[in-house]
Amino acid sequence: MTERNAPHSDEAEVSLFGPGYGECAVVHAGGGDWIVLDSFGPPRERPVALQYLDALGLDPARSVRLIVATHWHDDHMKGLGELVSRCPEAHFCCASALGSREFMSVAAALARTGLPDQGIREIHAVMTHLDQTDAQPVWAMASRRIHRSSGCEVWSLSPHDEAHTSFLKSLAPRPGTVPGRGMHSLTPNQLSVALLVRFGGGASCLFGADLERRGWTAVLRDDTKPRCESSVFKVPHHGSANAHLEGVWDELLEPAPIAILAPWRRGRGALPKEGDVARILACTPSAYATTDATSGATPRDRWVKKRLGNIKAHITPESGAHGMIRLRRAMDGESSWRVDLFGSACHLRDFAA
Amino acid sequence: MPRIGLTATNLATDSNAPEGTLPSPQPPSVLPSIPGYRLPVRSGTLAPNEVPMEAAVSSAPKDGDANVAEAANGARRNAFPAVRPEVPECFPDRSPSLFPKQEWAGRVTAIANGTFDARLRDLTGGGREVATIDLEEVSPEDRGRIRVGSLFHWVMGYETISGTRSNVSRIVFLNSPRMTERDLKAGQDWADRLRAKWNLD
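Those protein sequence lines, which keep their order, are chains A and B.
Using the numbering used here, the first residue of the first sequence is number 1, and each one after it goes up by one.
Using the numbering used here, the first residue of the second sequence is number 1, and each one after it goes up by one.
These are calculated hints, taken from the structure and not from any lab test.
Be a bit skeptical, because a hint or two may be false.
[Claimed, not checked] The list that follows gives simulated cross-link-like pairs (lysine to aspartate or glutamate, EDC-like), each with its CA atoms no further than 20 Å apart:
no., chain 1, residue 1, chain 2, residue 2
1, B, Lys185, A, Asp131
2, A, Lys312, B, Asp122
3, B, Lys197, A, Asp134
4, A, Lys312, B, Asp142
5, B, Lys197, A, Glu102
All chains, full assembly: derive it from the sequences and hints.
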C-alpha cells in the first residue's frame, strides 16, 4: 500500500472513497485547501473525509474550504451534518431547489416527526447548523462558479431549470394526500449537482454525481458552461447505463480519460453491471472502482443460514471493505495523473460485476 | 445449573427435540406484538405454583403426547407431592409459542418489481445489513403498510403449536409516525424564517 502522505502545496489530488454503499470524494485544490463532495462513514465511525484528513495530519477545521452535497440519497449523505459542523471554514453548497420553501418545509417536518430518511435528515441538520452559525449555503445550478481559490475553481453544471421546476411541482401538495408523503417518491438524481473542477496548470476533473441521461442532455445543450475537456471523470450514478451519454465522453472529456467510480450494492441490486463495466472500458482503458464488489457474509447460526436460503430475500452487509482511488499530479501543466489504489480499490477490469 | 422456573405454559415443547429436552432459552424479544411470541423460560426463584425444571423435564410430554396438561400435572406432583397448587386459568395452554433464532429491525428504503429494499439492524448478532425482500414474504394484511420509510420487525425461528413445530419467517410492520398538519406548519415556519434570513424571498 502506498504511503498516505499529504500532497505538496502545488500538487492536485482527487481521492474517491466507497465501500459498495456510500460515496465521497476529497479534492486537494492546491495551497492546502480541500474540497469534499458528499459523505459516508462506516457504522459508528466519523465521516470518511474527516478520517482521511486526520490521517494526513491535517486539521479539517482549517483546511476544508468547500463541502458539496450533490443530492440527498442516503449513500451520499451519511455523516454530512457532522462533516459540516467540523469544518467551520468551509462553504456548504447544494442544489438551489433545496432552498425552496417546499423542500425546506417538508425536510423540517420530516425531522420533527422522526420519519426516517437519513439523506433529508442530514440536509436538515446542515441547514440547522448554518442557521446557528449565521452562515448560508452556496446554491448550485447550471453553469455557475461556486468556488474559486488560487489553485482551482469549481463550477456546478447542473441542475438545470427544467429539473428544478419539475422538482418543485412534485413537492406541491395534492388534494387527499398526506402532506409530505410524496417526498419519499422523489428521485433526487434529477437534481444532482455535476461539478467541473479546474486546477491551476490546466488539468480538470468532471464529477458526474448521480446525474442521469436527461440531466446530461441539458448539460450538453448549455452554451454558457465553461469550455474544457477533463482528464478525470467520476463516472455518474455508479456506472449505470441510465447515466451514460456518448456526448459526455466526446465533448466534455479528453480522449481516454481516467474514469473512477464508486460501486453501489443494495441487496440484490448492484451497479455497475457487467454490461456497464464493458461499456466504460470501451470508452477508456484507465478505469477504476473503489471496491472489487466482493462482500463478506455476516456470520450466522447454521439453522438461520439454511432458512435464509429457502426464503425470497437477499441480505448483504451494509458496508463492505472500502477502498480508495487516489490521483495526484503537479499543477505545472506538464505532469500526468499518478494513480494509487488502496484497500479494496481495483482496476475496473478486475471488478466482479 | 441455575434454577429456572418453568410454568405449565412452557411445557408446549419442541416435538422434534431429543426426548427429555426443552427448547433452548432465548433472549426476550423487544417486540411482544409479534403474534404467538412469548418468553419461553425465565430466571429466578420458584413461585408457589412452579416446579423445578429437572422435575418438569422428567415428566415432560413425549412426541405425540396429546395431553400436555396431564404431563405437566405429573411434574407438579413429583416436585411438590404435598402441595396441590392452583391451576392457572390458562391451563392447559396450547397457544402458539415463537422461539426466535434471528431477529432484525428494518426500514424500507425502496419498493420495486415485487420486492422491497431495506436497511436492517441485526438484533441477534449485531451489525448493519441491507436486504432485498420479496413482497411474498410479508403477510397480505401487512403488504398495504409497506412504504418507503416504514419500519418492521423480522423474526426467523420456530413455532410450536400444541407440540408441533414449524419453521417461521415473520415480518411485522410497525405503525410509522405520520406527518401531521401541525408538523408541516412548524416546518413551514422554520423554512420561512430561514429563507428570510438567507434573503431567499
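Comparing the hints with the structure gives:
1. In summary, the hint linking Lys185 of chain B to Asp131 of chain A is supported, as the alpha carbons are separated by about 19 Å, within the 20 Å threshold.
2. Restraint check for Lys312 of chain A and Asp122 of chain B: the C-alpha separation of about 18 Å stays at or below 20 Å, so the hint holds.
3. Straight-line distance between C-alpha atoms of Lys197 of chain B and Asp134 of chain A comes to about 9 Å, which keeps the hinted pair within the 20 Å bound.
4. Restraint check for Lys312 of chain A and Asp142 of chain B: the C-alpha separation of about 17 Å stays at or below 20 Å, so the hint holds.
5. Proposed proximity of Lys197 of chain B and Glu102 of chain A is supported: the alpha carbons are some 16 Å apart, at most 20 Å.
When each numbered hint is compared with the structure, no violation occurs for any of them.
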